[in-house]
Amino acid sequence: MWKCPELVVVAALLLASPVLASDRFGLGRPALPEEIAAWDVDILPDGTGLPRGRGTVAVGEELFSEKCAVCHGDFAEGVDNWPELAGGLDTLADEDPVKTVGSYWPYLSTVWDYVNRSMPYGAAQTLEPDEVYAIVAYILYSNDLVDEEFELGHETFREIELPNADGFIVDDRPVTEYAAWRGEPCMHDCKDAVAITMRATVLDVTPQDEGTDTAPAVAAAPVAVPAAVAPPDPALVSTGKKVFRKCKACHTVGDDRRNRIGPTLSGVFGRRMGDVEGFRYSKVFRQAAEEGRVWDDAEMAGFLANPRRYLKGTKMVFAGLRKDADIEAVIAYIRSEGG
Amino acid sequence: MTARISRRGLLGGGLVAGAATAIPTVADAAPDPLITRVQDWASTLGDGVDAVPYGMPTEHEKHVVRRNVGWLTADTVSSVNFTPIHALDGTITPQGCAFERHHSGAIDVRKQDWRLLINGLVDTPMVFTYGDLERFPRVNRVCFCECAANTGMEWAGAQLNSAQFTHGMVHNMEYSGVPLRTLLEEAGLGAAGAVAGKWVYVEGADASSNGRSLPLEKALDDVLVAFKANGEALRKEHGYPVRLVVPGWEGNLWVKWLRRVEVLAVPVESREETSKYTDTLADGTSRKWTWVMDAKSVITSPSPQSPIAHGAGPLVITGLAWSGHGRITRVDVSRDGGINWETARLAAPGQDRALTRFYLDTTWNGEEMLLQSRAIDETGYVQPTKRQLREVRGLNSIYHNNCIQTWHVRADGMTENVEVS
Chain P
1 MWKCPELVVV AALLLASPVL ASDRFGLGRP ALPEEIAAWD VDILPDGTGL
51 PRGRGTVAVG EELFSEKCAV CHGDFAEGVD NWPELAGGLD TLADEDPVKT
101 VGSYWPYLST VWDYVNRSMP YGAAQTLEPD EVYAIVAYIL YSNDLVDEEF
151 ELGHETFREI ELPNADGFIV DDRPVTEYAA WRGEPCMHDC KDAVAITMRA
201 TVLDVTPQDE GTDTAPAVAA APVAVPAAVA PPDPALVSTG KKVFRKCKAC
251 HTVGDDRRNR IGPTLSGVFG RRMGDVEGFR YSKVFRQAAE EGRVWDDAEM
301 AGFLANPRRY LKGTKMVFAG LRKDADIEAV IAYIRSEGG
Chain U
1 MTARISRRGL LGGGLVAGAA TAIPTVADAA PDPLITRVQD WASTLGDGVD
51 AVPYGMPTEH EKHVVRRNVG WLTADTVSSV NFTPIHALDG TITPQGCAFE
101 RHHSGAIDVR KQDWRLLING LVDTPMVFTY GDLERFPRVN RVCFCECAAN
151 TGMEWAGAQL NSAQFTHGMV HNMEYSGVPL RTLLEEAGLG AAGAVAGKWV
201 YVEGADASSN GRSLPLEKAL DDVLVAFKAN GEALRKEHGY PVRLVVPGWE
251 GNLWVKWLRR VEVLAVPVES REETSKYTDT LADGTSRKWT WVMDAKSVIT
301 SPSPQSPIAH GAGPLVITGL AWSGHGRITR VDVSRDGGIN WETARLAAPG
351 QDRALTRFYL DTTWNGEEML LQSRAIDETG YVQPTKRQLR EVRGLNSIYH
401 NNCIQTWHVR ADGMTENVEV S
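In order, the protein sequence lines correspond to chains P and U. Residue numbering for the first sequence follows the numbering used here, starting at 1 and increasing by one per position. Residue numbering for the second sequence follows the numbering used here, starting at 1 and increasing by one per position.
I should point out that these hints are in silico values taken from the structure, not numbers from a laboratory. No residue lacks a Cβ here, since even glycine has one placed at the ideal position from N, Cα and C. Check the hints yourself; a few may be wrong.
Below, simulated DMTMM-like cross-link-like pairs (lysine to aspartate or glutamate); rule was C-alpha separation at most 25 Å, straight line [said to hold, decoys possible]:
(1) U:Lys288 x P:Glu95
(2) P:Lys241 x U:Asp108
(3) U:Lys288 x P:Asp90
(4) U:Lys276 x P:Glu95
(5) U:Lys236 x U:Asp75
(6) U:Lys288 x P:Glu177
(7) U:Lys218 x P:Asp172
Okay, the calculated beta carbon distance ranges per label pair [claimed, not checked]:
(8) U:Val139 x P:Asp255: 43 to 49 Å
(9) U:Glu61 x P:Leu89: 47 to 53 Å
(10) U:His310 x P:Ala235: 52 to 58 Å
Covered by chain U, according to a simulated footprint, are these stretches of chain P (three or more residues, beta-carbon under 8 Å) [unchecked claim]:
(11) 23-30
(12) 35-43
(13) 97-107
(14) 111-125
(15) 168-181
(16) 184-191
Starting from the given sequences, assemble the full structure and let the hints guide the process.
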């Protein structure tokens with residue numbers, strides 16, 4: 001029947017691979033197993049995706065204190081506006097619900113997944129699986145859900161059920177709202193009278209462009225300025241600006257003198273260590289302040305090379321700058337910005 | 001107190017001071033020197049064509065910028081700012097003043113470093129580059145993107161005295177991109193089997209990842225993998241080089257710096273869809289998967305940052321309306337706090353899941369007004385009052401507050417955010 005053999009071959013190919021050719025574009029390439037493993041790290045509610053590992057409350061407490069407490073507090077109670085992770089049980093129907101891992105989160109997998117993928121803030125994806133298990137164990141302990149001897153591991157993970165696991169319903173607006181709120185609305189004499197019951201200006205929380213809202217949290221300490229300062233090398237400052245990207249999640253410099261996760265670096269050089277007003281320093285920085293140590297190039301270079309070794313006990317989670325050139329550059333940049 | 005926000009510079013100098021003065025009439029006016037004298041700009045030369053290779057708004061409009069609410073979040077890196085909707089017109093939001101919401105800051109990813117991985121229940125897990133993306137057939141579509149928390153600070157009462165802060169977590173852009181369906185089909189969905197009950201998990205390349213689960217039906221319906229907005233590349237703060245566009249659904253699902261789409265048999269129940277973006281009701285139970293943004297509207301002028309500065313006479317009342325369920329078909333405006341309503345003029349017929357501009361061209365005689373607007377969409381849904389919402393949800397839902405907003409316009413034209421009985 002077929003007169004042309006080539007056509008037979010083409011037709012056979014099409015039948016053999018029905019999802020290929022015509023309905024695909026042939027763009028992209030197959031992903032390699034290593035690539036999928038690197039990026040597909042999500043953990044499902046039933047624990048699917050968890051790596052092998054384990055960690056105790058005690059280890060978790062140390063890690064939490066070192067890596068998490070600066071925002072979440074030593075007892076996971078939350079610092080300032082940062083999220084509180086513990087407490088709040090049975091408050092969800094209250095006037096001010098306290099939503100924490102213990103009181104609100106439905107699945108422990110979510111805690112593991114988020115700590116592993118996105119924490120610590122500014123240093124995501126730096127924790128080993130055992131560290132994540134330990135931190136999650138400590139968060140459970142902070143919520144009085146396990147005792148202090150507890151160890152969390154991939155085998156025991158599924159045994160933990162969070163208190164608010166059954167506290168969620170699927171969106172029911174179609175039944176509870178849409179059905180009632182469709183139809184021709186009233187146009188005239190829809191109510192008898194109207195009175196103002198609340199005014200935004202009474203509450204007065206609207207930010208003002210020139211208000212105190214953006215005022216520096218820290219008054220710049222008077223700094224002795226050397227009589228003659230060598231002009232900064234623009235190339236070095238430019239490199240330093242790039243290096244500073246690693247710092248700016250936590251530190252301000254220049255005109256912005258707000259404290260963030262870390263103290264402002266505006267005016268840091270010539271300033272006593274641990275001396276920025278309104279910042280909660282670790283013990284080691286409080287000691288340095290008492291000793292009268294002052295930030296200069298040498299102290300800064302030593303600290304940046306290995307923060308936790310140079311000032312043991314610092315809350316700064318940053319691992320340090322490996323290259324001396326980067327340290328020199330970032331110091332030049334901070335100085336150029338009035339640091 | 002009412003005048004504070006204006007006096008303090010949100011409007012720029014002097015605009016409010018003239019609220020009670022009318023424009024001089026021919027009978028009593030001296031000749032206008034702006035007309036009778038030769039102005040510098042009419043005599044000397046302006047800038048050459050190369051003065052500004054990429055144009056920014058003139059300095060006279062420098063007050064039309066995004067603003068944030070400092071006390072709302074711990075850190076601007078994990079925070080939100082607000083579109084200056086009070087000062088814009090039309091429907092398209094310029095990228096430069098479209099609100100931003102970051103969970104770990106706006107990251108810098110080059111096109112050549114961008115990769116998209118599609119894995120999970122697909123026939124062949126695939127990696128696409130930016131160059132690949134540009135070779136798939138693409139579509140253009142205008143969509144609003146509204147944060148689920150827009151107006152969230154107003155649940156308990158009138159709180160922020162500014163349309164920018166009460167309603168500015170919304171923007172509306174024309175996107176160019178590839179349907180997510182095309183990319184999923186390129187990887188092959190044979191392995192997924194039946195579509196119903198399946199999910200996709202979408203995540204970004206930033207430290208937060210902002211991963212969210214979406215029903216596969218939605219992914220195959222109208223979700224776009226977008227790389228242009230308003231004709232040009234996305235801005236860094238909106239996910240450059242590639243973000244997800246999820247028409248009509250809450251902004252948190254519009255993953256920026258998109259890096260991975262996984263087809264799954266169950267939702268991941270990530271942080272952003274359990275501890276956040278769930279809506280707690282009065283009895284303490286919480287709704288989840290509340291993806292659709294219901295119909296909503298707000299009068300953008302007059303509003304606290306845009307008071308009536310021209311005295312009695314012709315007045316343009318204008319605002320925006322939108323619905324995640326489809327097209328806006330009608331907007332009503334009330335001047336007396338909801339006793340009587342009149343239907344406003346739509347600048348153009350409502351577009352599916354895009355902002356609609358409305359106008360009420362009217363006359364104001366200096367009377368006090370309690371201005372409200374009420375949107376109606378093609379499903380017949382009528383934007384509810386705050387009381388209606390509270391009766392169903394209580395005060396702690398945080399998200400999805402689409403209530404009717406009230407502005408109190410005083411006799412001097414100053415305008416305030418109020419709540420009415």
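Hints, one by one, checked against the model:
| no. | hint | in the structure |
| --- | --- | --- |
| 1 | U:Lys288 x P:Glu95 | holds, 20 Å |
| 2 | P:Lys241 x U:Asp108 | holds, 14 Å |
| 3 | U:Lys288 x P:Asp90 | holds, 19 Å |
| 4 | U:Lys276 x P:Glu95 | holds, 18 Å |
| 5 | U:Lys236 x U:Asp75 | holds, 19 Å |
| 6 | U:Lys288 x P:Glu177 | holds, 15 Å |
| 7 | U:Lys218 x P:Asp172 | holds, 18 Å |
| 8 | U:Val139 x P:Asp255: 43 to 49 Å | holds, 44 Å |
| 9 | U:Glu61 x P:Leu89: 47 to 53 Å | holds, 51 Å |
| 10 | U:His310 x P:Ala235: 52 to 58 Å | holds, 55 Å |
| 11 | 23-30 | holds (count 7) |
| 12 | 35-43 | holds (count 6) |
| 13 | 97-107 | holds (count 7) |
| 14 | 111-125 | holds (count 8) |
| 15 | 168-181 | holds (count 10) |
| 16 | 184-191 | holds (count 7) |
When held up to the earlier numbered hints, the structure conflicts with none and fits them all.
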